[in-house]
Each structure stands twice: as structure tokens, then as C-alpha cells.
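J.: All chains, please: the whole structure from these sequences, using the hints.
Chains as they are written, first to last, in the numbering used here: chain A, 25 to 152; chain B, 50 to 180; chain C, 263 to 510.
Do not rely on the hints blindly, as some may be mistaken.
Restricting the straight-line Cα-Cα distance to at most 16 Å, the calculated cross-link-like pairs of lysine to aspartate or glutamate (EDC-like) are [stated by the list, open to error]: (1) K279(C) with E58(B); (2) K114(B) with D77(A); (3) K282(C) with E58(B); (4) K363(C) with D280(C); (5) K430(C) with E461(C); (6) K147(B) with D280(C).
Because the hints were derived from the structure by calculation, they are not lab data. In this text the structure is predicted, and so the values were computed from the model without any measurement.
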Amino acid sequence: MKAETHKVARLHAMLWGIFSLGGMIAAFLLPVLIYMTAIAYPYSLWPFNGARDPSFLVTGHLLGALFIFVTIAGSLYHGIFRFQSALTEVGLLKYRRALEAVGYFIIFVGIIVLAYYLVTWYLNGTIT
Amino acid sequence: MEDNKRYPELRRRLSPGWWTANRHYTMYMVREWTSLFVALYSLIFIYGLSLWAMGSRADFLNFLKNPAIVGFSLIALVFTMYHAATWFYLLGAVAPVKIGRSRTKPWQALVLNLILLVIISYLAIWLLVLR
Amino acid sequence: MSQDIATIRVTRYRPEKDAKPFFQEYKVPYRHDMVVLDALNYIKAEIDGSLTYRWSCRMGVCGSCGANIDGEPKLTCASFLHEFKGRTITVEPMTHFPVIKDLVVDMQDFMEKLVKIKPWIIREKETPPEQGEYKQSAKELERYSQFSSCINCMLCYAACPIYGLNEKFLGPAATALAYRYIEDSRDQGKEVRFPIVHEMEGAWECTLVGECSVVCPKGVDPMLAIQKTKILGATNAIKSLLMPRGGR
Numbered sequence: 025m026k027a028e029t030h031k032v033a034r035l036h037a038m039l040w041g042i043f044s045l046g047g048m049i050a051a052f053l054l055p056v057l058i059y060m061t062a063i064a065y066p067y068s069l070w071p072f073n074g075a076r077d078p079s080f081l082v083t084g085h086l087l088g089a090l091f092i093f094v095t096i097a098g099s100l101y102h103g104i105f106r107f108q109s110a111l112t113e114v115g116l117l118k119y120r121r122a123l124e125a126v127g128y129f130i131i132f133v134g135i136i137v138l139a140y141y142l143v144t145w146y147l148n149g150t151i152t
Numbered sequence: 050m051e052d053n054k055r056y057p058e059l060r061r062r063l064s065p066g067w068w069t070a071n072r073h074y075t076m077y078m079v080r081e082w083t084s085l086f087v088a089l090y091s092l093i094f095i096y097g098l099s100l101w102a103m104g105s106r107a108d109f110l111n112f113l114k115n116p117a118i119v120g121f122s123l124i125a126l127v128f129t130m131y132h133a134a135t136w137f138y139l140l141g142a143v144a145p146v147k148i149g150r151s152r153t154k155p156w157q158a159l160v161l162n163l164i165l166l167v168i169i170s171y172l173a174i175w176l177l178v179l180r
Numbered sequence: 263m264s265q266d267i268a269t270i271r272v273t274r275y276r277p278e279k280d281a282k283p284f285f286q287e288y289k290v291p292y293r294h295d296m297v298v299l300d301a302l303n304y305i306k307a308e309i310d311g312s313l314t315y316r317w318s319c320r321m322g323v324c325g326s327c328g329a330n331i332d333g334e335p336k337l338t339c340a341s342f343l344h345e346f347k348g349r350t351i352t353v354e355p356m357t358h359f360p361v362i363k364d365l366v367v368d369m370q371d372f373m374e375k376l377v378k379i380k381p382w383i384i385r386e387k388e389t390p391p392e393q394g395e396y397k398q399s400a401k402e403l404e405r406y407s408q409f410s411s412c413i414n415c416m417l418c419y420a421a422c423p424i425y426g427l428n429e430k431f432l433g434p435a436a437t438a439l440a441y442r443y444i445e446d447s448r449d450q451g452k453e454v455r456f457p458i459v460h461e462m463e464g465a466w467e468c469t470l471v472g473e474c475s476v477v478c479p480k481g482v483d484p485m486l487a488i489q490k491t492k493i494l495g496a497t498n499a500i501k502s503l504l505m506p507r508g509g510r
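T.: Next up, the structure:
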């Protein structure tokens, strides 16, 4: 018998941990965000039936900005990670490496861009 | 171990459409593809913010009122809710809680977490918008 | 006792004669208490002695007689003929495995995986039997007992599309058995087993299709075991990041 070599996929284990956390975020926080931006705001329903609009959600206070960052970044990570894996299950297994690379690229760029806007707005005082 | 395959190997390979073979597989694949909508909504939101960052706040708000975006977001909401429900169900399946001698069932986790989702959603609105 | 006639469509494949497998149909008279395995035995004894399949205990203990019945992985000894009344019953070899003949599949891959996870209690230092057994409380037993019911029938592998797509995946039964030892309070082999279940083709491949737990004839929940294994892997990884030395 040949010698066994097993290597713990430590990086993947951590990425999976983030993926799971993202799943929690997408399940518990994303629905209310979509409700607010896609139903409440365009149709002037509660809570956007008064003076406030979704921009208040982003820049109204630090907590709102944090909510946006956590919800969007977590959902993006979870969604992309899972979708690229689903694609490998419908005949694209041989392109796995490429799918992973593209997936992580989208996640990385998306989160950096999101963080950049929020940090900029925080630093220039748009977020109060 | 010695290799004694004298005949060509016969193995039924999965076709890309394997998930149509039974209802469980189909439900599974639907569940996995909901993640596409979760991801797309996130990307669209980031794009909306970029309109704001490179233009004005009104650009962002107009973008949110764009019928195409509203329409897509509504579909995304349906799939996100489906994603949430299946996630809660799986939570119950992989992390059953022991109460006395019995273990909680996945559907109990589903119901409990849906209630929790409503509470969290209300709290989020109250904390982030109404306060 | 009343008798019905069952129509059974069985996969035939004789590699020395046939280029491709084909279905052969048999009519089998049956009583209410007969199962698919009884029908196969009837065919072999009364109609066609060349039909080949595995079986042994005919009571759901040995795990030899698995097949895809109407597309679903099942033990032929636990599938009653009367449940299919009025329909043709299709019996095929378990999916995802190479077929040797008719319903007999090559189990080598699974056997290798079974050995790979070291399905025995590992101790840092063995104590001689005279010093008594390694004791365990009922509570400690309960943590893993369901995962020790596996009979190696491989139905979970036949049900797992992830294994079907990528045979390198360690798969449901082997991971569940590894978890059974990881959770066993008498076992001290975590350091040896973690790398096996936490390597790339270990537990991580699983995407919670959940069909393994649906088809298991012994009520084992491999999906649960794999998920718990992943959680252990993620916590270990984060621990080793926070505490690079020791920690685990």
C-alpha cells in the first residue's frame, strides 16, 4: 500500500466558516433589506411612508452602514460561493478551478468596492 | 491490491440533468439556485451605491425606483425567502436541540426561526429607520 | 394464501458477452410477505440460473443486497413486492459504482475509503486487557451510537449525486463512521483522523443534498455527521489561526 498523505484544507475550512456565517446573514437579514428597498420605498409603505428613504439606511448612522455592509457582503459571499458550487453539479465540474477563481474574484471586488464607499462616506462625514 | 479488471468498466455516469430524477433532487437544485438571486441582488445593491458615489443620492434613489430593478428585487425576495426557509430547515436537520429525551424536528426549527426572522426584521427597521 | 404475479425488469450485464447492459423481464408469482430479494431468488431457482446478485442475511443486517429499485437505492430484502402492485418493478445495480455483472457492483472504492478512516479505536497507549475495558457512560455512548449502526450497504453512495459526480469524495458512510470514532470518548485518534476527513476531498465536498440520510435503511444520518465534521474542521482552522502553536 502506498503511504497515506492527508492535508487538512485549512483555508477552505475557514472559507466554509465564512460561507456558513453568510448563510445566516442572508437568511436573517437579507429579506428585510429587500423588503425595504424593493417594496417599502418604491410603493411608499411602512417604514418609508414618511420623510425617510433608503439612503438614510446607508448613511443615517454608523449602525445602518454596518448593517448594509454585513448584509450585502455576507449575502454576496454566500450566494456566489454556493452558486459556483451548484454550477459544478450540472456538468461544469471540469471547470471547477476557473469557476472558483471567478467566484472569489467577484466576491473580493464586490466587498472591496462596498467597503470603499462606506468608509469614504464615513470619513467625509456623509455617514453621521 | 491487484488490478484485475479484464472488461471495460461499466458505470452509470450522472448527466447534467440528474436532479430531475426525483423530487428531493429537484428541490435541492432549486434551493441551490436561489443563491443566484441572493448574489445578484447584492451585486445590484452595490451597483446602486456606486451610482450614488459617482453621482448623487438621487441617482441611487431613482435606481431603486426603476421598475426593472423593483421587478427583479421582488423575484429575488421570493427566492431569498425560499433560501431562508430551507436554511432554517437545514439548521434544524444538522443542529437538533435536545429537550429532555427527545430531539427537535427540522420543521420545528423552521417555524421557530421564521418567527425569529419576523422579530429580527422588525427590530432592524425600528433600529435603523424609525429611531 | 392468495397469489399475485409481479413483473420484474432486471438489468442484465455480462461483460464477456454484452457490450451494453439490457433489461430482462420476468414474471414472478408472489405472496404478501415476499420481498424483491425473494423474487430474485425465485428467478434464479426457477427461471434463469444465470442471474447474478449479492445477498446473504435477507433480514436487513448484512448490507449485501442493495440495488436501485424503481430508481431508488434500497435493500432488496426490505422492499415488499406488494408495494409495487400493478406496476413493473425495475431493479438496477446501485448507481455510481462500476458494474461487474448484472446487479453486482465493484465495492473496492468504498472498501478502501472504509479502511482509510481507520474504523477502530485508536489509543495513545494501549493498556493490556487485564487492566480492564475502556469505560464509557451512557451519555457518552449516545453521542455516537446512531452512527455505529451502519451496515456498509453503500445505499448512501448510490443516493449521493456528489459522489456520482466526483468519486474522490470520501462520501456519506465513511465520513459518518469517521465521525462515530471522533465522537467516541474512548478514542484518542483525532489528530490522525482530522486530516483524513478535513482534506479537500473529505467532508467539504458535501453540499447537503440529504438523500443519504433519506435512503439509509438503518436510520443513520450521514448528512448530520458530515455537517458536524465540517463544523469541527472550521473551528479547528480558526483555532489554529488564533493560536498557531498548540491550540488544537
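J.: Hints first: check each against the structure and report whether it holds.
T.: Status of the hints after comparison with the structure:
1. K279(C) with E58(B): Judged against 16 Å, a Cα distance of about 14 Å means the pair holds.
2. K114(B) with D77(A): holds, 11 Å
3. K282(C) with E58(B): The given pair, whose Cα atoms are some 11 Å apart, holds under the 16 Å limit.
4. K363(C) with D280(C): holds, 10 Å
5. K430(C) with E461(C): Within the cut-off at roughly 11 Å; holds.
6. K147(B) with D280(C): violated, 54 Å
The structure is inconsistent with hint 6 alone, although it conforms to all the rest.
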